[in-house]
Each structure stands twice: as structure tokens, then as C-alpha cells.
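Protein chains in written order, with the UniProt record's numbering: chain Y, 1 to 421; chain E, 1 to 294.
Derived by calculation from the structure, the hints in this document are not laboratory data. Bear in mind the structure is a predicted one, so any value in this text is a computation, not a measurement. We treat Cβ as the ideally placed atom computed from N, Cα and C, and that holds for glycine. It is possible that some hints are incorrect.
As the list claims (entries may be wrong) - Computed far set for chain E versus chain Y, every beta-carbon distance over 12 Å:
hint, residue
1, Thr52
2, Val70
3, Leu86
4, Ile245
5, Ile280
What the hints assert, rightly or not - Computed spacing ranges between beta-carbons, pair by pair:
hint, chain 1, residue 1, chain 2, residue 2, range
6, E, Ser165, Y, Glu212, 29 to 39 Å
7, E, Ile115, Y, Glu307, 31 to 41 Å
8, Y, Pro280, E, Ser187, 30 to 40 Å
9, E, Ile56, Y, Asp191, 36 to 46 Å
10, E, Leu4, Y, Glu207, 55 to 65 Å
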Amino acid sequence: MSPRATLSAVLPLIAVLVLTGCGERYDPEAEAAAQQISPESCVDTEGDTVKVGLLNSLSGTMAVSETTVNRSLNMAIDEINADGGVLGKQIEPVTEDGASEPTIFAERASKLIRQDCVAATFGGWTSASRKAMLPVFEAQNSLLFYPVQYEGLEASPNIFYTGATTNQQIIPALDWMREQGHKKIFLVGSDYVFPRTANRIINAYAEAHDMEVVGEEYVPLGSTEFSTIVNKAMASDADAVFNTLNGDSNVAFFRQYNAVGLDAQSLPVMSVSIAEEEVPGIGVDNLEGQYVAWDYYQTVDSPDNQEFVTNFKDRYGQDQVTSDPMEAAYTSVYLWKDMVEEAGSFDVAAVQEAADTGGSEFDAPEGQVSVDGENQHISKTPRIGRIREDGLIDTVWQAPEPVAPDPFLDTYSWAGSINGA
Amino acid sequence: MEILISQLFAGLSLGSVLLLAAVGLSLTFGQMGVINMAHGEFIMAGAYTAFTVQQILGSAGWSLLASIPVAFLVGGALGLILEIALLRHMYHRPLDTLLVTFGVSLILQQLARDIFGAPSVDVRLPELLSGPVTIMGTPVPAARVFILVLTVLVVAGLSLVMNKSSLGRRTRAVVQSRDLAEASGISSRRTDALTFFVGSGLAGVAGVAITLIGSTSPTLGTTYIVDAFLVVVAGGIGQIRGAVIAAAGLGLLQVFFEFGTTASIAKVIVLVIVVAFLQIRPQGIVATRTRGLA
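Kindly generate the complete structure, drawing on both the sequences and the hints.
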């Protein structure tokens, strides 16, 4: 065979091999339909213990982030157990690996509910994993506590969202940028649901607030070529960049950014997917002085947070950092405990009712949080942070009080085009 | 005007990265006809070599210079092991080679994950390369100028070796007619091993260069493998000259279309152009004349 003939024979095969390595298809409705069994709960509350599921990616690309969430969940459980447990019962965690694949998340969630009979499940990270698990939790009528900031526009009665929704992260970030006098914004993001939705919100916000979006660019997940995008940003006369890039693309983006002489002074970047944990991988040299938006930083100055950080470091090593999703996961276990005790039962309907009547609160490391019974999100305190030399993040602005969650942006008159109202 | 120069530079720079990633492949795939899916992982190994050397030496500048030859040896050694242990036994079975080397690439990725961890690691840039330099009044990234220069040196060195050295002559003889070369007393087995060593070593060097612009993670190689094959195929298999033209062309097309559209659309347009081009000229930009390989 000549090399040419060989090539034409194998090129499609190469394509298949490369593509199957990085994609998966998943049909949540088919999954839900396949599981049309009675939502009869098999949770055993007779003994001295109660089982909960911990479902995080302990392998695959998301493992780096989700392993730390798993750790803070375990820490919260051990603390609660040492303090007498929930309704007098010790919590017994059952750990499953979501393996960074939405389909596996759905399958393991089903296993946790039906086979292990857990009273509640904590975990998930990517929106794809949450969307895959949602029909499972609804069909089986069980509870999921999801700890990561996300794009909003969702409120399942079976999911408690303890990370920020858009009005607790993106909108405060825009308010702050506007206050700083930034009027022309350049948007750059990875091409998937969170950046697309976030940028729709930013466009609607800009239109209503006399700001201008001077560029909107997406790159495929994992892309490392940013020469043109950075050139476009420079040529656009933007006065700030809003960055929704995910993962490794941030490294290439910030390197290119600094390499053409841009920095936090000349053209500041606001990032919403870079927390303490991601900073070392991106390189603090590339990020120093840039801005991020979250609801929690390791440096938050409160006794509750000092205790949280100290305990975490004592448990997992002094070089560990704490970040927003870890804190939201830790908080979610305490909120579940609070709701169960208020309900006096592990029963799903009883817990949901306890949430509806409100009053479930917790003095979290980020400050006081409370569950909103309307949409199962929690009120949180938005904070704008600035990355400092040692990779930790200083708060440069924080909301005066916790902000009530509004996942559908119903209270924002300019958001009609987003929530369809 | 300024934007034109910076885009022109961005295109050439992207082309030089593509060329550096592809030049080793143009040897192993182009000259030897081996479809080595693990080529991307040799690039990744080069990147982690740069990281390791930096951890040992400390200084970002010296470690960058030192890691270029070390990465060449690391990539070359990996390639040599692969050639001796597996590929040697299946030179006449290209499809098997494809699957085997794909398996090897997965093994190498997992190995990197086990040794260095799944999160990407940070290879610091030397002070000198972290900022911009000014060319014709336009700031361009110093790191990319460095890569451009490195690529020119590597390609010039490789053409010298292929055209002037006895290894080059033997390689070309084996490519043009394996049987006749063997009949003339050339050990095609040794030549294959050496060629594979050099081709894989160049992948290692590409890895060092890539640490300057992107992140260093276990899956780094997968980003570049398809583009590298594209350059080799569009350029004309077995032709370094063709690979140079193809890489520069692809780089320039990508950045100029991207400026007018978006990154994803530009990629689509470029791929369509390459497919159309190969329909008209299946042998690539520069045609190879051989007596049939393998």
C-alpha cells in the first residue's frame, strides 16, 4: 500500500478515535423513561445511622476540582457526626465516582438511590452532570445538593442549589465593573452552555445599563490558540474583559494576554471560573492583580471561616487551599441537617416542606446563608476578589448583605429576553 | 496597519507551532509511513521534561535552554522503545500500527497523570520571554518570536541532516526503494530505528516550545495530533518543504478567517479548504516520487 492509500483508509478511523475520546451523548429523557419504577423510598431510618451519597468525579478531567469538594463534604459529615449526628443518627457516606461523565453521574445517582437507599446525595459539578442527574432525582423522588455556581434558569424541587446563581455572581460583577467606570466590555468564553448563557445575560444587562459589548468570542473547550482573540480585544477599544473560559484554556489566554503587554492595569479581566484551586495551574504570574467574582474566598475574615480553613488544612495538608465550590459543598451538608431536623424526618416531602416554610439557616464560612423555599437556591453574599501575589484572593468589594437567589432573573426588568417572561 | 502586522505575525507564529509539532511526524509518517498516534504524547513528554528540568534547575531561562536537548533525548528514547518493542514487528500492517499506537498514547497519558497529577502544571516563562517585543512598531509576544526562531533552526537543521549526512542519505534511500537500499548494504532496520528516534525527539522539542504558550497537562498531545497530521498530509507526504508551506498557509488562513469570523468558524473554513485542495491535488503541495513504500 502506498502511504497515500494507507492514509485515505485510516484517516476516518483516526477521526473516530480522536472524537470518541472527548465526547459523549446522553439523553436524559430516555434515561428517565427507562427508570419508570415507583418512586417508593427505600431509605432505612430504623437504625443508628443514615446513609447519604457523595457523588463526585474522582477520576477524569474534572477530578482535580471535584476531589476537593468530596473532601470538604467528608469533613462536614465527620464534624456533624462528632457533634451527635442528624436526629441522633450518625451519617454514613457512600462514595461513588462520577468519572467526569454525565452518563455515569446519572447511573451512579440511580444506584445510590435504589441500591444504597441514601436519604440525600451531595455532588455534581458541570452543568452537564447536573442536567443528566436531574431526571433521575425527579423520577425517584430523591434529593440532590449541587454545590457549584451555574448558569441559572433551573429550579427542580428535587435539587438544592448551594452555589451561586447568576444574580449572585455575574450581575454583581457587572454592577461592580460599571461602578469602576468600565463601559465597553469584551467577552471571551469557552463554547458551551454556561458561557453562552452568561453572555446572553451580560448583553441584556449592557443594553439596559448604557454599557457596550464590543466583542464576543468563543473558543472550543481546551483551545490554546488566543493570538487572534487577544488582537481583537486590543483592537476593540474595550476597557475591560469578561472571561468565562474554563480550565486549561485560561493558561493560554492569560499567557498570550500578558505577552502582548496587556495586564490588570491596562485592560482588567473579570473571571468567573478561576478560584484559588485553579490559580497555581494557570500560573500566578499570569493572573496577579486580575479580578474574579465568587461568594467565598479563603481570605474571608470571619471566625467561622478561620475554623473551616484551619480544620481543612489540618486534615488534608497545609498546602491545601479552600475555594467557593468546596465551601458551598461543606455548607450544603449543614443545610440538609438543619432542614431534616426542622422536619423531624428524613422524608423527602417533609424536607421540602421544611425548606418551603423557610428559616433554614447556617453560619457558613462565607457568612450567613439561608434556603429559599421558592426555588431551592440559597441566599449568598457576592464578593469581587483580586488575585494577589501568593495566589490567594483578596475581597475588594462585597455585598452589604446576603442576596436572595433569583435563578430566573424575575426581579430584573431587563432580563425578559432571557427568562422568556 | 498595526493590526495587520500583529495578525500576520500571529499567523506565522501559529504556523511555526504547527510546523514544530508536525516536523517529527513528517519523518516518521512521511518518510517511514508509520501512523504514530502517540506522536502527540511524545510532544506532551517533551513539555513535562521542560517542567521537570525547571523543577531541578530553578532558573527559568537556563532550564528552557537545557530542556531542549533533554526533551529531544526523552522523546527520542520513547520513540526508540516504541519502534523496537512494537512497530518493528508490524511495518506491513498500517492499520494495526494505528490501533497499537493509539493504545500507547492512552497509556502515556495515564502515566503522565500518575506521575504529575491530572491538573495542569505551570512552567514558568523566563523574564526575557514573558513580555512583548516591538517589531515594526507593533508589540508581539517574545515567547512566540522565540518559537519562530527555534522552528527555523530545527527545520534548517533537519534539512541539512536529510540532505548532507549519511543518515539522511540512507533514510532517503530506504524511502525511495527499501529493497534496493537493502541490496546496497544499508541496514534498513537500523535506519528505521534512527529515523524514528530523530522524529520522536523533534516531538519532544516541540513540547518544550508549547509550554511557553499553553498549559502543560496530560492531554496536551491530543490538541496537536490532528493538526500535525493535517500539515503533513496537506504539505505532501515525506516532504519537509511541503510541510513548511502547509504550516505557514494553515496558520495564516486560520488567523485571518478568525479575525473576520470566530475561532470555530475559521477552523471549519480551513478544514473545508484543505479537503477541497486535497480533492484537486491529492498528493499534497509538494509531490513525492517513490517506488512505493511498505
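Index of numbered hints that the structure contradicts, given in increasing order: The structure breaks hints 6, 8, 10; every other hint is satisfied.
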